[in-house]
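Q: The chain contents come next:
Number of protein chains: 2
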Amino acid sequence: MTTNFTATRAMFDLPEGVIYLDGNSLGPLPHAVKARMASTVAEEWGQMLIRGWNEAGWMEQPRRVGDRVARLIGAEAGSVVMGDTLSIKVYQALASALEMNPDRRVILSDSGNFPSDLYIADGLVRTLGQGYQLRVVAPEEVLDAIDDSVAAFLITEVDYRTGRRHDMKALTEKAHAVGALAIWDLAHSAGAVPVEVAARGADFAVGCTYKYLNSGPGGPAFIYVAPRHQESARPALSGWMGHAAPFAFDLDYHAGAGIERMRVGTPPILQLAALDAALDVWDGVDMADIRARSLELGDLFIEGVEAACPDLRLATPRAHRDRGSQVSFAHPEGYAIMQALIAEGVIGDFRAPEILRFGFTPLYISPDDVRRAVEILSRIMAEERWNRPEFRQRNRVT
Amino acid sequence: MTTNFTATRAMFDLPEGVIYLDGNSLGPLPHAVKARMASTVAEEWGQMLIRGWNEAGWMEQPRRVGDRVARLIGAEAGSVVMGDTLSIKVYQALASALEMNPDRRVILSDSGNFPSDLYIADGLVRTLGQGYQLRVVAPEEVLDAIDDSVAAFLITEVDYRTGRRHDMKALTEKAHAVGALAIWDLAHSAGAVPVEVAARGADFAVGCTYKYLNSGPGGPAFIYVAPRHQESARPALSGWMGHAAPFAFDLDYHAGAGIERMRVGTPPILQLAALDAALDVWDGVDMADIRARSLELGDLFIEGVEAACPDLRLATPRAHRDRGSQVSFAHPEGYAIMQALIAEGVIGDFRAPEILRFGFTPLYISPDDVRRAVEILSRIMAEERWNRPEFRQRNRVT
Chain A
2 MTTNFTATRA MFDLPEGVIY LDGNSLGPLP HAVKARMAST VAEEWGQMLI RGWNEAGWME
62 QPRRVGDRVA RLIGAEAGSV VMGDTLSIKV YQALASALEM NPDRRVILSD SGNFPSDLYI
122 ADGLVRTLGQ GYQLRVVAPE EVLDAIDDSV AAFLITEVDY RTGRRHDMKA LTEKAHAVGA
182 LAIWDLAHSA GAVPVEVAAR GADFAVGCTY KYLNSGPGGP AFIYVAPRHQ ESARPALSGW
242 MGHAAPFAFD LDYHAGAGIE RMRVGTPPIL QLAALDAALD VWDGVDMADI RARSLELGDL
302 FIEGVEAACP DLRLATPRAH RDRGSQVSFA HPEGYAIMQA LIAEGVIGDF RAPEILRFGF
362 TPLYISPDDV RRAVEILSRI MAEERWNRPE FRQRNRVT
Chain B
2 MTTNFTATRA MFDLPEGVIY LDGNSLGPLP HAVKARMAST VAEEWGQMLI RGWNEAGWME
62 QPRRVGDRVA RLIGAEAGSV VMGDTLSIKV YQALASALEM NPDRRVILSD SGNFPSDLYI
122 ADGLVRTLGQ GYQLRVVAPE EVLDAIDDSV AAFLITEVDY RTGRRHDMKA LTEKAHAVGA
182 LAIWDLAHSA GAVPVEVAAR GADFAVGCTY KYLNSGPGGP AFIYVAPRHQ ESARPALSGW
242 MGHAAPFAFD LDYHAGAGIE RMRVGTPPIL QLAALDAALD VWDGVDMADI RARSLELGDL
302 FIEGVEAACP DLRLATPRAH RDRGSQVSFA HPEGYAIMQA LIAEGVIGDF RAPEILRFGF
362 TPLYISPDDV RRAVEILSRI MAEERWNRPE FRQRNRVT
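Chains as they are written, first to last, in our numbering: chain A, 2 to 399; chain B, 2 to 399.
Isolated chain A (complex conformation):
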C-alpha cells in the first residue's frame, strides 16, 4: 500500500468527538479549502474583478478541474467537464443519448436508482412525448431487461440505500450487444471505488462531488462523454458556455468542440475553487488502496455489528465485488437509532423506510473509528435507546 492514510486524515477538519460515517452524503472539510476560498473571494473576485475570468483562469476551470476528476474515474483527459448539479447532468446525458438512438423509445432504469434520476428521466419522457417511456425494473433484473427496445439505460453503479454495486462491465457489454447506450451515474462511486469508465466502454457518465470528493454542500457535478460520441452528441441544454465561441455572441448556436459543449451557463467559480482545493487531498492517493481499505473497514463494521446487534439486518451485499464503499443495516426503528447515534457523535444517516447508512471513507476514517462506532451502536441497541422521545421526533430533512 503506497497511500498514507495518516497523512490524508490530517488534511481534514473533523469536529472533536465526532466519528463521521456520512461522507457518502456530504464529505468533510479539507483544511486547504479555507485558505483557497478566502483567496478566491478576496484576491480573485475582490481585486481582479471581471479580469478574473482571464487572469485567474476561471473560464477554463470547469475543464481543468474536470481533468482532475477524470483521473479518479478512469476517463480520458479532456472528456470530463464540471458544472450544474447531478440532476442537470443526468438530463443532458439522457437527452443526448436518446437522440443518438432515434429509433428506440425506452429508457431503462432500476428501482434502486436514486429517485432524482428517475424523476429527471420521467420529466424528459413527458417533454418528449411521442411514445417515449421510462421502464423501471428491480436492480437484479437489469441485465435481463436490457433488450433491443432500450435506447439507453440510466443506472447508478452503487445503490444509495444498500451500497449494492452493479456490474458495470457486464451491463455495459450487454447494452452495446443489443445496440443500447450506457449512462452511468457515479454519485456513490467517484472517489469511493475504482471506476474505469473508458475501459468499461461507458457512453456517458455523471456524478457529484460533494460526497467522496469533499467539495462542500452543493459542489458542482460532472459529466463524462466518451470521446467517440463527443462530436455527435447534441446538447439539449445549449447554453452559451457550451457554444463554439461564447464571446462571439452569434445569434445561432454552434456546439463547442468535444466535451466543452456540455457546459451550460456561467460556472460556479466559488464552488469550483472549493472542489479544486479539495482534490489536492487525492494527490498521491491510489484508488486501489482506497478500495482495499474501505472493504477492510466495512468488513470490520459488519462483523462487529452482527456479533453485537442481532436485531440489525445487513442490507448490503456481503460479497466484496457486489458492494461499494458504504454499509447499511435495516431496522424498523432505524430513524430513532440514527438520532441516538448522532447524539453520541457517530454520524451516519437514515433513508426511509428503515435503512441506516454508514460510509467508510479511508481518507479520514480509521479502523479505531470503526471499532468505536460499533461499541457505541451496540450500547444504543442494548439499551433500546430508540424508545427515548428525543430521538423519535421527525423534524429533520436528512
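None of these hints come from the bench; they were simulated from the model.
There's no promise every hint is true.
[Said to hold, decoys possible] Reference listing, derived: stretches of chain B covered by chain A, where coverage requires no fewer than 3 residues with Cβ under 8 Å from a Cβ of chain A:
| id | stretch |
| --- | --- |
| 1 | 14-21 |
| 2 | 47-56 |
| 3 | 115-123 |
| 4 | 209-217 |
| 5 | 245-256 |
| 6 | 268-281 |
Ideal placement from N, C-alpha and C gives every residue a C-beta, glycine not left out.
Starting from the known structure of chain A, fit chain B onto it as the hints suggest.
A: Relative to the frame of chain A, chain B by itself:
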C-alpha cells in the same frame, strides 16, 4: 432621497485606483461576503457537516434568499426561488410555458436578446420537434410580432449590448391580449432598475445575481413564476429538490407546492451564502433612488463623452424611459480603446463587434468617478491610444 450612497459604497471592497464600470458584468465584492464565506465553510460545513442542512438552514436557503430577491423585482413573497444558472432557468420557464399553451408552436424573441437565451430556446425547440420554432425579430419589432401564433415570448428587458430597455408593460399586455405568455429575463434589470413583475403581470421571470446583485462569479440564478401559474406549471427539469417530499424517496415524481417545484438539484450552498451576504447591502436601499442616481450618472457620462470624444457614437437610447443602467458607445476600435481604458484603471467591457459598455451602479459609483472616467477616456481618444500594439492583442475572453 433616502438611500445613503456614501454608506453603500463603504460596504464594498474596491481595488485602489480602479473605477469599476463593469458591475453589469460582474459586481464587486461586498466586504460582508468574506466573513460569511469563512463561517459558512469553517463553522457550517466544517463543524455541522451533514447537519448543516437542518441546523444552518441550507435546505430553505433557495427559497429564503429568493424572497430577498423578490422584494427587489416587485414579486410576491414566495414566488421566487434560487438555483442553477440563468440558462437553466430560461429552459425551465420556456418548457413550462410551452406546455401551458399547447396549441401554439412559436417562441418569440429578439435579436438583442442575450445569445444564451436564444441558444437555449433553439435547443428546446429541437428537443421538442413537432413544428416548434423560435422566431427572432429586431428589438423594435417585438410589439408588432406578438400575435396569436405565439405561445410565449422570451425577452430580456434591458439589452446587454446597448442598454436599450423594452416596455415591459406594453409587451406583457399585448401578449396577454393575444393569449401568449410573457417570460422576462431580468439579467440586466434586477438591482439596476425598478422592476414590478407582479404589477406588470409577467408570467415568468428569470435572472442572474452576479451582476447588479453582487453575488460573485457564478452566483445562482433565480426564477419567478406568477402565483396564478405555480400549481399548473410542470417542471421539465424535475429534480428531487422540486419534489413534494424529497426525502420520502418515492420512485414517482410529484411536483412540490408552488415555486418549490422549480428547484432541481442540491443547491449551491457556498454561492448562496455569498449572495445572501451580498444582499445585505440592499437593506435600506430604495430602488427609486437607485434609478434616479443611475440615470444622473449615465447622463453625466453621455454629456461628457459626447463633448470630448466626437468619434464615439452613443449606442444607448438617450431617453430615460428607454434605457437601463448602462451606457454604451460604439467605435470600430472599441476593443483596443477598452484595453487602453482598463490599463488606466477604468474597467468597462467590450462586446463584439464594436460596443464599449459602461455600467453605472450607484451603490459604489459616484459622480466624481464618472467625471474622472470621462477625463481618462477623452485623453485616450485624443492620443489615439488604440493604435498601441499592447492594446490590440486579442487574448481575452471577456
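Q: Does each hint hold? Answer for all of them.
A: A quick look at each hint next to the structure:
no. : hint    : in the structure
1   : 14-21   : holds (count 4)
2   : 47-56   : holds (count 8)
3   : 115-123 : holds (count 7)
4   : 209-217 : holds (count 3)
5   : 245-256 : holds (count 8)
6   : 268-281 : holds (count 7)
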